[in-house]
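Visitor: Model the full structure from these sequences, guided by the hints.
Below, each chain spelled out in residue letters.
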Amino acid sequence: MQWETVIGLEIHTQLATKSKIFSGAPTAFGAEPNTQACAIDLGLPGVLPVLNAEAVRLAVRFGSAIQAEIAPRSVFARKNYFYPDLPKGYQISQYELPVVGKGLVEIVLEDGTVKTIGVTRAHLEEDAGKSLHEEFQDFTGIDLNRAGTPLLEIVSEPDMRSPQDAVAYAKKIHQIVRYIGISDGNMQEGSFRMDANVSVRPVGQEAFGTRAEIKNVNSFRFLEKAIQFEVERQIDLIEGGGTVVQETRLYDAAKDETRSMRTKEEANDYRYFPDPDLLPLEIDAAFIKNATADLPELPDAKRARFHAEHGLSEYDANLLTGSRELADYFEVVAKESGEPKLAANWVSGELMAALNKAEKELAESPVSAPLLAGLIKRIKDGTISGKIAKQVFEAMWQGEGDADQVIESQGLKQITDSGAIETMIDEIIAANSGQVEQYRAGKEKVFGFFVGQAMKASKGKANPQQVNEILKRKLQG
Amino acid sequence: MQNKSIAQLAADLRLRTYSSVELTKHYLDRIARLDPSLNSFITVAGASALAAAERADQALRAGDAGPLTGIPIAHKDIFCTKGVKTTCGSRMLENFIAPYDATVVEKLAAAGAVVLGKTNMDEFAMGSSNETSYYGPVKNPWNHDLVPGGSSGGSAAAVAARLCAAATGTDTGGSIRQPAALCGITGIKPTYGRCSRWGMIAFASSLDQAGVMARSAADAAFVLDEMAGFDQRDSTSADEPVPDYVDALDNDLKGLRIGLPKEYFGAGLDARVASSVQAAIDEYQRLGAEVVEISLPNSPLSVPVYYVVAPAECSSNLARFDGVRYGHRCADPRDLEDLYKRSRAEGFGPEVQRRIMVGTYVLSAGYYDAYYLKAQKIRQLIADDFKRAFEQVDVIMGPTAPTTAFEIGAKMDDPVSMYLNDIYTIATNLAGLPGISIPVAPVEGLPVGLQIIGNYFQEARLLNVAHMLQHVTHWHQAAPVGFE
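Taken in sequence, the protein lines are chains A and B.
Residue 1 is where the first sequence starts when you use UniProt numbering, and the numbers rise one by one after that.
Residue 1 is where the second sequence starts when you use UniProt numbering, and the numbers rise one by one after that.
Hints were generated in silico from the structure; no laboratory data involved.
Heads up, the beta-carbon is just placed ideally off N, CA and C, and yes, glycines get one too.
There's no promise every hint is true.
Here are the computed lysine-lysine pairs in the BS3-like style, where the Cα-Cα straight-line distance is at most 30 Å [claimed, not checked]: (1) 172/A with 102/A; (2) 172/A with 341/A; (3) 79/A with 341/B; (4) 255/A with 357/A; (5) 102/A with 374/B; (6) 472/A with 387/A; (7) 374/B with 264/A; (8) 374/B with 130/A; (9) 225/A with 255/A; (10) 130/A with 341/B; (11) 4/B with 79/A; (12) 102/A with 82/B; (13) 4/B with 264/A; (14) 459/A with 443/A; (15) 357/A with 443/A; (16) 18/A with 82/B; (17) 225/A with 357/A.
Not close to chain A: a few residues of chain B, all C-beta gaps over 12 Å, as computed [unchecked claim]: (18) 50; (19) 390; (20) 410.
Guide: This is the structure in structure tokens:
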């Protein structure tokens, strides 16, 4: 039987506020345990939450970025369950009325096709603390620094049909939250966590299969592997005569498998109800206008513009809009060099490869955008060939100066003096009479041999077009 | 001294007739002598009270004193007090000392009031008789076999017994007004949001409101003046100006339209209580008020609605008492579940456990719509009843409680009969309206309360209406035998 995979994602992204969502305690990562938790975060008796307006502003920016409706009135609700790192015995979240309604994002698949993925909703909530099991013997430590950190939970429609779709969508959301500056998206620090709802159904069937939810995945690679494993597990199970049960599963990266955490029967009844300590959140047009006034150009718009304005392929446009920093870098190179296509090739090719090899972030690149533009200008005006340019780039990467300085100091300027090239070619023809005869007898492949000889003799500096022309003329005799 | 009004005490302190330290010692001495028979205090904070009195005397000497400077009061043990333990009447918080003051505590301290201690109460404010306190029942000063009412029973008994000049209370379904009625004092529950809930341990957040228990409306006005106001730390506190409650006390009552809801004078009301209430209303007519019969048709539903909404909220509010970070923790827990179960089973008394269970039930999947959501809808209908009534009348009057104080132990095995004691007070909490209870003619030597309900933020009017009756009658001046 042919199976179709259905995936929906819930992404928790930590909002980049200075203080917590319902208290004034700081949100900075990595402090000593329990040093960034005030009475409100500790859930002491008599304390009350007060909503941080900055968290709302960031949520509104996200809503606007995915073309969603911002609810004029949304409601905070209590999600009740007992856990040692949940100080109040409930999490303040949003349930029936979330701040961000239906929206959509576009993903670009490997083959360049664009697919729209629906976002059901996004809501504000507070994070829980952390239980530390490994550090202690015979007891569990509780660190409440993270308790009350603002999160935006972004819930997708079940619109994804493959692990690759899911990764592309997750990357897109990651890209958006960083573009619009609402989250640092740092996955190691837990600022971007993904839950995947996965089910399978026979191709052609309308109804969804029973889903399993894989909790708390914190890398795109693990997301892909976890879904892959889960899909295979479900198909094997069904084909073996079993049935999928609705449950929560955990992905174990070390074993590359998912395993059951709790079944539906064991699931909590969260007893959601509106939090009586907080008034409904009312957002007016002025607030939205303020929150979104300085929104940057969003990835999809930028991609479309790169495609239209710079004539880039969908694939390149998508790649180069992967992050705001990369897109900005590319645009500087394209603008200063006046050669967008060359700029795209160099940024996505040589530069990316060098960064990967050196394990550096773009911001740490020794070759800045203006420097790379300077190099491309020299390719464009014929001072150097593309091949020599790679050599110049390498020197620039090593900090040997800008393109002109490297070309000058290493003597890499292209030879365009046709008299000099003719003399050189005459010498080559004279020294290789056998190959000349072969060529003249119709073996045109030998032409490449002569080009090679010419480039070798000029140390790669001879202008390739001129070499071609002069060779053709002289060989035809 | 203990029979003087706050205005008189304040004048005496200014004239150095006696100092705040002397006044405070006088009250501490009365507490030491008289409270063992009442049990109205859980904690007496003698040392910190005397230190506060010293500071008050300095302020008085410096001429830098307000109306409450140096006046000894008590706080219901539901208000967090920095450095003095806050038990909320529960074993769960037997040793809990908050690292902060409640806003109400902070404001009264800033006004110079001296805090004598923390008063007894029903556990987590859940009860109408003060019998659910882990620290033992409070006796009614008028008759030690009777309950003082609840949940602010300790504050009511302490004020009635002249163990403090005034006390704070909280009212979720009648917890200020009903004990005020049963102990023969004046108790005002302001509009929901009038006083900050910050630092006030939550029972049912959408209903809880802090208020004042005093011997007269005038005394209550002095205290409420300092307690009321917007607080950034409480999102539900009202950002409304606070009028001067003392200034408005003597306003004339001519033409005051009093609504008498027929539902408040029907079956279940003790006929003798009814006639006491009627006598007070007659007095108001003599003062120039008009009486209009009105109807609050949904008020019979207020008790069942309340016993869905309040337990629902309490089941969530009390989840934080889990034995993990503070409060009672059971000995040698086997595992996490055992820690939760035994800590909570040992830390909470039966009434609290009953309400947590009811609340958990009404919020659970499959029952939420039928109970919680429906209750919220009826709650709106109850508020609408009042809205219509206030188009016709200025205030609403009726009995505070259906009977005088009942015997200790009489209703502990019958929760529903206990709950029905709040039948006239609960609706105002559901609507968020202010209400006051003042003493009227006693029945067989026991106090009876007249309840006056006002429109939103009409506290000044309520205190004025109460004060004008106290101006022409002496019911509020009666003191229980042995405490004069």
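Visitor: Decide, hint by hint, whether the structure agrees.
Guide: Hints and how they fare:
1. 172/A with 102/A: 16 Å, holds
2. 172/A with 341/A: Distance ~24 Å between residue 172/A and residue 341/A Cα, so the pair holds.
3. 79/A with 341/B: The given pair, whose Cα atoms are some 20 Å apart, holds under the 30 Å limit.
4. 255/A with 357/A: OK: residue 255/A and residue 357/A at ~28 Å, within 30 Å.
5. 102/A with 374/B: Holds. Residue 102/A to residue 374/B sits at ~29 Å (cutoff 30 Å).
6. 472/A with 387/A: The given pair, whose Cα atoms are some 22 Å apart, holds under the 30 Å limit.
7. 374/B with 264/A: Holds. Residue 374/B to residue 264/A sits at ~28 Å (cutoff 30 Å).
8. 374/B with 130/A: This hinted pair is violated, its Cα atoms lying about 37 Å apart.
9. 225/A with 255/A: The given pair, whose Cα atoms are some 11 Å apart, holds under the 30 Å limit.
10. 130/A with 341/B: 22 Å, holds
11. 4/B with 79/A: 51 Å, violated
12. 102/A with 82/B: 47 Å, violated
13. 4/B with 264/A: Not satisfied, since the Cα-Cα distance of roughly 66 Å exceeds 30 Å.
14. 459/A with 443/A: 26 Å, holds
15. 357/A with 443/A: Outside the cut-off at roughly 42 Å; violated.
16. 18/A with 82/B: Holds, at roughly 28 Å.
17. 225/A with 357/A: Holds: residue 225/A and residue 357/A sit about 25 Å apart, inside 30 Å.
18. 50: 26 Å, holds
19. 390: 23 Å, holds
20. 410: 31 Å, holds
Of the hints listed earlier, those the structure fails to meet are numbers 8, 11, 12, 13, 15, in rising order.
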